[in-house]
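Novice: This is what each chain is made of:
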Amino acid sequence: QKEVEQNSGPLSVPEGAIASLNCTYSDRVSQSFFWYRQYSGKSPELIMSIYSNGDKEDGRFTAQLNKASQYVSLLIRDSQPSDSATYLCAPTGFQKLVFGTGTRLLVSP
Amino acid sequence: NAGVTQTPKFRILKIGQSMTLQCAQDMNHNYMYWYRQDPGMGLKLIYYSVGAGITDKGEVPNGYNVSRSTTEDFPLRLELAAPSQTSVYFCASSYGVDDEQFFGPGTRLTVL
Chain A
109 QKEVEQNSGP LSVPEGAIAS LNCTYSDRVS QSFFWYRQYS GKSPELIMSI YSNGDKEDGR
169 FTAQLNKASQ YVSLLIRDSQ PSDSATYLCA PTGFQKLVFG TGTRLLVSP
Chain B
6 NAGVTQTPKF RILKIGQSMT LQCAQDMNHN YMYWYRQDPG MGLKLIYYSV GAGITDKGEV
66 PNGYNVSRST TEDFPLRLEL AAPSQTSVYF CASSYGVDDE QFFGPGTRLT VL
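One line per chain: the protein sequences are A and B, in this order. For any residue, its number in the numbering used here is found by taking its place in the first sequence, counting from 1, and adding 108. For any residue, its number in the numbering used here is found by taking its place in the second sequence, counting from 1, and adding 5.
Next comes chain A alone, as it looks inside the complex:
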C-alpha cells in the first residue's frame, strides 16, 4: 500500500462547479496535512493546511480531515479555469512530508 494515495485524474469539471479532490494515507500518526497546488512547469505552492478533524474553509477552498478513516479531501467551490493544475496531498511523516502523486484538475470554461 502506498503511503499516500490520490486519483491521478484528470478530474474534469465545468467552470463554476465544485471540484472534489480526495486523498488517503497510511501513517496513523500523521498530525499535519497540507494541500499544494502545482501549475505545469512551476514549483508547488501551499493552498491549505489542516491539523484537526473536521472542515477548514479558506475562501473558495475547504479542506476536510477524518483521521479515523485516514482520509483528507479538498473542495474547490466555483471552480475557475485558473484552478486547472495538479493538487498534491501531503501528510507529515517521520521528519518529512510524504507527498502523493497528485490529482490533475481541468476546469473548462
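Treat the hints with care, as some may be off.
To be verified - Dumping the calculated DSBU-like pairs for lysine-lysine here, alpha-carbon to alpha-carbon at most 35 Å:
1. K49/B - K62/B
2. K19/B - K204/A
3. K49/B - K204/A
4. K164/A - K62/B
5. K150/A - K49/B
FYI, nobody ran anything at the bench for these hints, they're computed from the structure.
Here the structure of chain A is known, so what remains is to put chain B in place on it, guided by the hints.
Specialist: Below, chain B alone, put in the same frame as chain A:
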C-alpha cells in the same frame, strides 16, 4: 525575503560529468529538502536535513550527495551524471517537520 533560491535554472550535462545544484533559504528554517520530479510524476525525496551538520537519505538517494554546513545552504552534488538523472530538482525548506514547506523555483537538468 528572497525565500528559497536555486541555481542554476537550467543545465545540460554529459554522461559522467559532475555538478552541484545550489539551494539557499533566508527564512532561518531548520529543515531543508531536495526532491526530484520526473515528467508527469510526483515528487520523490532525495535527501533532507533537520539542521546544520545533519543530513539523511530520502527515497531515492543513489547517485547524489549533500552537505549542510550552514543553516542557509543545502547543496546537492551529482557525481557521474546518468541519463536517469534527467529531471526537475526542487529544493524546499520548513521551520519544523509539521510546518509548511516552501519550495524554490526548481532546476531543470538534462543528462545527454
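Novice: For every hint, state whether the structure bears it out.
Specialist: Going through the hints against the structure:
Distance check on the hinted pair: K49/B and K62/B sit about 11 Å apart at the alpha-carbon level, within 35 Å; holds. A threshold of 35 Å between alpha carbons decides the hint, and for K19/B with K204/A the separation of about 32 Å falls inside it, so the pair holds. Under the criterion of a C-alpha separation no larger than 35 Å, the hint pairing K49/B with K204/A is consistent with the structure, at around 12 Å. A threshold of 35 Å between alpha carbons decides the hint, and for K164/A with K62/B the separation of about 34 Å falls inside it, so the pair holds.
For the suggested pair K150/A and K49/B, the alpha carbons sit about 16 Å apart, so the restraint of at most 35 Å is met.
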